[in-house]
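Chains as they are written, first to last, in my numbering: chain A, 1 to 218; chain B, 1001 to 1228.
Think of the hints as simulated: they come from the structure by calculation, not from any bench.
Treat the hints loosely; a few may be bogus.
Covered by chain A, per the in silico footprint, the following chain B stretches (three or more residues, Cβ under 8 Å) [said to hold, decoys possible]:
| # | segment |
| --- | --- |
| 1 | 1022-1031 |
| 2 | 1154-1167 |
Simulated restraints, written as ranges between beta carbons of each label pair [stated by the list, open to error]:
| # | chain 1 | residue 1 | chain 2 | residue 2 | range |
| --- | --- | --- | --- | --- | --- |
| 3 | B | Gln-1149 | A | Pro-48 | 24 to 34 Å |
| 4 | B | Ala-1029 | A | Leu-209 | 52 to 62 Å |
| 5 | B | Leu-1043 | A | Ala-173 | 29 to 39 Å |
| 6 | A | Asp-87 | B | Gln-1149 | 24 to 34 Å |
| 7 | B | Arg-1142 | A | His-177 | 30 to 40 Å |
| 8 | B | Asp-1117 | A | Lys-214 | 31 to 41 Å |
Examples of chain A residues toward chain B, derived with CB under 8 Å [as the list claims (entries may be wrong)]:
| # | residue |
| --- | --- |
| 9 | Ala-2 |
| 10 | Asp-3 |
| 11 | Val-4 |
| 12 | Val-49 |
| 13 | Arg-51 |
| 14 | Arg-61 |
| 15 | Val-63 |
| 16 | Glu-65 |
| 17 | Tyr-72 |
| 18 | Tyr-89 |
| 19 | Ala-92 |
| 20 | Arg-95 |
| 21 | Phe-96 |
| 22 | Asp-99 |
| 23 | Phe-100 |
| 24 | Ala-133 |
All residues carry an ideal CB built from backbone N, CA and C; glycine is no exception.
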Amino acid sequence: MADVVLLDLWVSPFGQRCRIALAAKGVAYEYREQDLSNKSELLLRSNPVHRMIPVLLHGGRPVCESLLIVQYIDEAWPVAPRLLPGDPYARAQARFWADFVDKKIFDCGTRLWKCNGAALEQATRDMIEALGALEAELGGKDYFGGEDLGFLDVALAPFTAWFRTYEQCGGFAVAEHCPGLAAWADRCRGRDDVASALTDPDKVYEFALTLKEKFGDK
Amino acid sequence: MSEPVKLLGSFGSPFTHRAEAALRLKGVAYEFIQEDLGNKSELLLRHNPVHKKVPLLLHGDRAVAESLVIVEYVDEAFDGPPLLPSDPLARAAARFWAQFAVDRCSRTLFKALWTPDGEARRGLVAETKENLALMEARLDGRRFFGGDQVGYLDVAASGLAWLPVLEELAGVERSMMGEEEFPALCRWRGEYTSHEAVKACLPSRDQIVAFYAGMKERLVLHARSMQK
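All chains should be built: construct the whole structure from the sequences, respecting the hints.
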């Protein structure tokens, strides 16, 4: 087994956070696609509590939960870019907003493909509000991290591949409500370390439609 | 750095306690501001516009929200014994189990307590116990999750110290965290609640009862509405 292994799923934005962090740091790793309908021995052994991807194995030792993996990568490979800054307050802000992405963006995003009618309208409103809060936090900077990728950029970037899906489901345009965020998304996608990790937005939309078929509200 | 430190909180809430415990453990002088959650202060709404929740730490003009984010901030911004270890893998493990303690123990336990008797409740109790067993194993003969000293994971898991009073309030006959099944956790609870620094900010039984007074119906409704 390679020194650094990532157990992951092709379309997972959580797994993609880890891929971006590893790429940004220039860490060589082995990517192992997981079949979640038939979980591997290695996955079950490495993450017995949640049995979920992503899992990072470093020297055989597992780290679980995407944001914890990203922090681990930042701390184990303390080279540029430093994803979390040195200042404790800036670190706290980055963690707060990454937690916000988990609580709001992922939740609203799920409701957007899953729900219909009034629930869908509410999900759209909630998503626009959440993206607006992130737009304000970005505040005209190139990246949330300032001049280069930071913790929050890594936490949010994979979800940009889902913007088209959100827009299609909710009938709104991110660029119209959050031009700064839309520009930031383009900027991220122009980088190798991010672009190589993200799924093509059309494929994401196709995938979301199959989720809707299987799990959506009828 | 001697800017004033204020903690906006709701005394009796385990979330607020996490933030206070961190301040006490680091020996930080602070002013506790009790928030009336039914009538939130302008200070709270101005500094935590996103979630409008307590606890909220104000360090000078810097506002930090979310209890575990506050704990890490306090650990990093102030001198004193470190709450998190220095090794990256150990840090990742402490954070992982802290999330687990909050999401899968305290939260599940809360749902179990306030879900009416029946199959759903039995399932939640079983799930709580399975998860508590993992925390029991984490202690592995040590005094605290942090080893000899109280650490980040102890603070995150501190909600478990509330359990006896909450079970009494909910009219539970047999504790979910009984001594026979969870001897290490019960011993840990004793150690944690009698720790010098923690004791100073731990609500008494009466204060916890007062915090939850008149809330029973709301708690039952809240438990029902909570997602998995």
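Verification of the hints:
1. Coverage of a stretch by a chain is defined here by at least three residues with a beta carbon nearer than 8 Å to that chain's beta carbons; for the segment 1022-1031 of chain B and chain A the count is 0, and the condition is violated.
2. Only when three residues or more bring their CB closer than 8 Å to a CB of chain A does the claim for the segment 1154-1167 of chain B stand; here the count is 0, and the claim is violated.
3. Between Gln-1149(B) and Pro-48(A) the Cβ separation comes to about 28 Å, which falls inside the hinted range of 24 to 34 Å.
4. The beta-carbon spacing between Ala-1029(B) and Leu-209(A), approximately 57 Å, falls within the hinted interval of 52 to 62 Å.
5. Distance hint for Leu-1043(B) and Ala-173(A): a CB-CB separation of about 37 Å, consistent with the stated range 29 to 39 Å.
6. At about 26 Å, the beta-carbon gap between Asp-87(A) and Gln-1149(B) stays in the expected band of 24 to 34 Å.
7. A C-beta distance of roughly 51 Å is found between Arg-1142(B) and His-177(A), which places it outside the suggested range of 30 to 40 Å.
8. In this structure the supplied range 31 to 41 Å holds for Asp-1117(B) paired with Lys-214(A), their Cβ-Cβ distance being about 34 Å.
9. Against a cut-off of 8 Å between C-beta atoms, the interface hint on Ala-2(A) is violated, since the closest Cβ of chain B lies about 17 Å away.
10. Below 8 Å, beta-carbon pairs count as interface contacts, and Asp-3(A) has none with chain B, the closest being about 14 Å; its hint is therefore violated.
11. A least Cβ separation of about 13 Å between Val-4(A) and chain B goes past the 8 Å threshold, and the interface hint is therefore violated.
12. Taken as an interface hint, Val-49(A) checks out: its beta carbon lies about 6 Å from the nearest beta carbon of chain B, inside 8 Å.
13. The beta carbon of Arg-51(A) comes no nearer than 13 Å to any beta carbon in chain B, farther than 8 Å, and the hint placing it at the interface is violated.
14. The restraint placing Arg-61(A) at the interface with chain B holds, with a minimum CB-CB distance near 6 Å, inside the 8 Å limit.
15. Among the interface hints, the one on Val-63(A) holds; its C-beta lies about 5 Å from the nearest C-beta in chain B, closer than the 8 Å criterion.
16. At its closest, the beta carbon of Glu-65(A) sits 6 Å from a beta carbon of chain B; the interface hint therefore holds under the 8 Å criterion.
17. A hinted interface residue such as Tyr-72(A) counts as satisfied when its beta carbon comes closer than 8 Å to some beta carbon of chain B; here the least separation is about 4 Å, so the hint holds.
18. Interface hint at Tyr-89(A): satisfied, since its Cβ lies 5 Å from the closest Cβ of chain B, which is below the 8 Å cut-off.
19. At a threshold of 8 Å, the smallest CB-CB gap from Ala-92(A) to chain B is about 4 Å, leaving the interface hint in force.
20. Interface hint status for Arg-95(A): upheld, as the beta-carbon distance to the closest one in chain B is roughly 5 Å, under 8 Å.
21. Interface restraint check: Phe-96(A) against chain B, minimum CB-CB distance 5 Å, threshold 8 Å, status holds.
22. About 6 Å separates the beta-carbon of Asp-99(A) from the nearest beta-carbon of chain B, less than 8 Å, and the hint is met.
23. The interface hint given for Phe-100(A) holds, since its Cβ lies 7 Å from the closest Cβ of chain B, which is under the 8 Å cut-off.
24. Interface hint status for Ala-133(A): upheld, as the beta-carbon distance to the closest one in chain B is roughly 6 Å, under 8 Å.
Violation of the numbered hints given earlier is confined to hints 1, 2, 7, 9, 10, 11 and 13; the remaining hints are satisfied by the structure.
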